Each structure stands twice: as structure tokens, then as C-alpha cells.
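Place chain B on chain A using the hints.
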Amino acid sequence: MSVSFEKQSALLARSGWRYELSAAWRLAMKQWKVELSYPLSLLYFIVSPFLWLIPLLLFGLAITGSTTSAALGQITYTSDWFTYSALGFCFVALIDTSLWGTGMAFRREQWVGTLESLYATPVGRTTILFGSSIHNIQHGGLGVLLQLGAAGALFGLQLNLAGILPALLAIGLMFLGLQGVVLFFACVVLVARRAWMAVETLVSAIKLLTPMSYPLVVLPYSLQVIAQGIPTYHGLESFRQFLLLGPFSMTAWMSIGLLLLLDLIILLLGWVLFRASDRYVRNRASLAKF
Amino acid sequence: MVSLRSSDIELDVADGETSLLRATPARVIDFSAALTIAGNSLRVSLRYPANFIIWGFMPILWLMPFVFTGIAFSGGVTSSQFGGQTGYADFIPYLALGWIVFSYVDSAIWGVGNTLRWYQFAGVLEPMFLIPAPRLSILLGAAMAELLTTSLSTLILFGLSVVLFNLSFALTAVLPILLLLFLMIVAFTGFAFAFSGLILVFKDPSVLTQFVHVVIYTLTPVNYSVNMLPMWVQPLSLILPSTFAIIGIREAALAASGIALLWVDVFILLILVVAFWVVGILIFRLAERHTRKKGKMGAF
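Just so you know, the sequences run in chain order A and B. Sequential numbering of the first sequence, starting at 83, is according to this note's numbering. Sequential numbering of the second sequence, starting at 861, is according to this note's numbering.
Next up, chain A with everything else stripped away, as it sits in the complex (with noise of 0.2 Å):
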């Protein structure tokens, strides 16, 4: 295909948010394309959400014998521990998808031979992060939809359905403060290139300190301290008492408002550090080495 040297020119001369955001956009689909052309991937789509849930579900019904712990009750705002933990389960897996998906974005390009032609396409290197974000929020928000629709069909899953709008702002604000840990977790890919084991441990550490089915009190009380410094343990509890206590909660406003905060810093540092290790890897012409 013969493209004329003004056309050529016109496309390169091309910038600002607009064309950022659809070339986010078109990444997004091409990610959903790749998915969807392994037979299984469908099927594991599916399915998957609610399989990851059932272990938790019949550990629970081992210790409790039941869907409610009075245990549970004492040290949090509800003793219906199904509800709680699927919440937190649904949360989690969100965030399990946002981080691996983007994170290893680009260890997944330099697998199958296409980052140095995705780095040369002209576009923002933020913006081709984005892209993977986009199609993990899709991803994984539609997983969400599929965890609470079976857990509610099958199980009785109990929401206060007026929460449900504050709680997709809890959603937001923690997806914003997570682009940051992604952008960390990309400059591991860029320099270190063994970025599973980055991602494996810190995506493992963030799950342990996001308390998905028991409530802070329990964790030691360094690691207390330290779920308070992450915007995922913010954004699950606003997003678990929005869903179960109802858009008026004063503790889950003040989580939200925690978590703006986290996510200033987490993004700003995340960014430096990305451009920094961009510049780093390009000096060294090292891009495409494993």
C-alpha cells in the first residue's frame, strides 16, 4: 500500500488528546481481537470469575457452617460474610486484571515481536498503556457484572442498590491510583524484563493488604499501617460499605477522599519514574532484548 508522502506527513503531524485517546481506543479493541481469537479464552471468560470464587465460598462454609459469622459481625458492619467476601472477591479480581493485564502489556508485545513496531508507531508511550488499561477496565468490569449477576442468581447476594453509583466512583478513583502502580510495574518490564516476578510479588503483597474477606483488624499491626498507604485497600472499603450500607456513609466518604490523595501521588511518581526508565532503555538501545 502506497500512502502519498503529504498523507504520510498529515498522519505524523497528528497530536493532542483526541488522537491519543483513539489510538488508547483502537489498542483496546486490537487487545480484545487477540483475546478472542484463542477458542478458550471465551470460554475462560466466562466462567472464570465465578470459579475463582468458589474456594473462598466453600472455605467459609467449612469454618462457619453457614452464610453468616457472628465473629465476622463484632469487628465489621455486617456478619453476612457471603456478601462481604464476594464484594471484596469481585473487587480484588478487578484489580488483579488491571495489573497483570498492563503490566506485562508490554513484556507481552516483546513476546510475540511487536514492541519496537508498537514503540514506533506515533503515538504517546502513555498512551499505549492506556490502551491496555481500557481494555482491562472493559475486561474486568464486565467479569464484575457476570461474578455479582451469578452470585445473586444462585447464591442471594443482598446489595443496597443505592450505592451502587458511588460505588463505580470508588472504582474509578482506584483504577486512576493503580495506572501509577502500572506505569511502576511497566519500568520493571523496560529495564528488568523478568516483570512476572515484579508483578507476581507485588500484585500478591497488594491482594494480601486489600483485605478482600476479613477486615483490617486482623493483619499484624505493621502491615495495618502499611494497607493504609495503598489506594486499593481505600477503594475496596468505600466500594464494600457503599454497596452494603448505602450512598451515605461517612467512613467510605472518607476512604474516597483518602484515595484522591493516594492517587495525586502514586500517579506523579509512576510517571516520573516511567519517563525516566523510557529514556534509560532507549539510551542503551536495549528494547528488544530478553
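Think of the hints as simulated: they come from the structure by calculation, not from any bench. Certain hints may be false.
As the list claims (entries may be wrong) - Ranges of calculated distance between the beta carbons of each label pair, as one might list FRET restraints:
1) A/A287 with B/P1095: 36 to 42 Å
2) B/P1095 with A/W99: 56 to 62 Å
3) B/P1095 with A/A367: 55 to 61 Å
4) A/S199 with B/F891: 42 to 48 Å
Said to hold, decoys possible - In silico DSBU-like pairs for lysine-lysine, Cα to Cα no more than 30 Å straight-line:
5) A/K289 with B/K1154
6) A/K112 with B/K1063
7) B/K1156 with A/K112
8) A/K115 with B/K1154
9) B/K1154 with B/K1063
10) A/K115 with B/K1153
11) B/K1063 with A/K115
12) B/K1063 with B/K1156
13) A/K112 with A/K289
14) B/K1156 with A/K115
No experiment lies behind these values; they were computed from the predicted model shown. No residue lacks a Cβ here, since even glycine has one placed at the ideal position from N, Cα and C.
Showing chain B alone in chain A's frame:
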């Protein structure tokens, strides 16, 4: 190490094969080649020593949420309800042992099962398939290397469990535990053959691996007893070597049952070893033939 000079190989143009290839007997598995491949895999693994440490600590991070959940739901470190279900009211050692044993299952699925895909990513799958040794030797070699690296990581996990949860058992339990663990690992090597075949056909290992992992994890009594599963699912759990290994190891470690009481578990595991190897080899061969016929060996 064997060195080969080009003059050692007599090229027979008419047959399109070398005397070396003709001299190589047809075998299901070449243990010598498997050992060489295991050595090579270990050399690659040793290039990243941090992996051993990371994989030693990682399962603790996966186990701890269950420990904290148990504490939050029961209000302590024991649960009479859990004791009624499993026979062990103290759920923390129960969980720790389950996770220690399951780390070997993890290794069979993620490490051995995905070997061919990692070779494909690194661009060496086709050269590996051209070596004059049965393909299963490649997987057996990977399994041997994985056994060593996983054992090192598991030792770290075990040490952490001793320190954090006071996990302890009598020295007399060591032999039965090692026997049950060994049989389970051998059986899952057969499973890894089948799984590698499926990855050759379906290509995308992430989805398939996660799917198989979550299904086996749910069916294996890592965090709860088999009777917690719905009745119609329980038979599936009972065809997994990990179920009998975990039940037997818990009996040996936590209930101090001697080998005499564990012979049923050992016997069933022996049957499963044979069954998993026969089925595993068959599935791998079928998958390999299918992929070669379609010309998709190197395709992503």
C-alpha cells in the same frame, strides 16, 4: 559431556537421514536426553537465583488471606465447625500443609505443562523438536528440573510455616510424607504431558493454564475437605493424585498415622501414576500429530 564432530556423522543423502539418527533406537522416553535437558533447564534457572526465593515466599502470600479469613470468620485460630468437617479444628496447619503440597501441583501445571510454550516464546521450540530424542524427554527433563527448583522453594515455604504457624510433626512422619509426595509428583508429570499436548493445540497457555489450575485447586482439598464439594463433583476430586497425597500427608503429619495406615492412599496413588502416564502420553502424541499435520508447530 558428549562432543560430536561433523566427521562422526555419515550423511546418507538417499535416505535423507544420518547414521546417527538411524542408530538412535525408537523409545518412548530417552532418560539420558531428559537428564541433559534437566541440566540445561537448571542452568537457565540458576541464572535467576532470585526466583527460588520469590517462589518460596509467594505461596505464603497466597495462603495468608485464607488464614486471615479463617480468623475473621471464626474469631480465633480454631473452629469446631471446621473440626467437624475435616477432623482438624486447628485450621492453620491444615491450610499450610495443603498449600505446601499444592505448590508441586502448581509447578507441574505452570512449569512443566508450559515448557513448550516458553520454548516457543524464546524461539527454540522447533530446534528442540529436531533433537534426535523422543519429544516426551523434553518434558521429562523439564519435570526433573522443576522438581528440584520447586523443592528448594517448598523448603523455604515449609521453614516459614514452622516459624509463623508452629507447624511441626514427628520424624517418623517424614518417610510416609516423602513417599506420598513422590508418587503425586510422578503422577502429575503424566498429567503435564497431556497438558503440554493441549497447549500445542490451543496455543494460548494463559487461559488454559489458569482454567486447569483453578479447577484442580477447587477439587483438591487444599483449604477444605472433599465432602464440602457438591456430591456430583466429589468423584472428580477422587481421580486427582493431589487429593490422596494431601489427605495422606495430613494424616501422617497432623494425626501421626504410620505408613501401615496410609497403604490405601499409596496404593491408589500407584494406580493413578500408571493411569496418568498412559493417558498423558497418549494425549501428547495425539496433540503433537494433530499440530504437525496442521503445520502449526511454531504458530502463536
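Quick rundown of the hints versus the structure:
no.: 1; hint: A/A287 with B/P1095: 36 to 42 Å; in the structure: holds (38 Å)
no.: 2; hint: B/P1095 with A/W99: 56 to 62 Å; in the structure: holds (57 Å)
no.: 3; hint: B/P1095 with A/A367: 55 to 61 Å; in the structure: holds (58 Å)
no.: 4; hint: A/S199 with B/F891: 42 to 48 Å; in the structure: holds (43 Å)
no.: 5; hint: A/K289 with B/K1154; in the structure: violated (42 Å)
no.: 6; hint: A/K112 with B/K1063; in the structure: holds (18 Å)
no.: 7; hint: B/K1156 with A/K112; in the structure: holds (23 Å)
no.: 8; hint: A/K115 with B/K1154; in the structure: holds (22 Å)
no.: 9; hint: B/K1154 with B/K1063; in the structure: holds (13 Å)
no.: 10; hint: A/K115 with B/K1153; in the structure: holds (26 Å)
no.: 11; hint: B/K1063 with A/K115; in the structure: holds (15 Å)
no.: 12; hint: B/K1063 with B/K1156; in the structure: holds (9 Å)
no.: 13; hint: A/K112 with A/K289; in the structure: holds (29 Å)
no.: 14; hint: B/K1156 with A/K115; in the structure: holds (20 Å)
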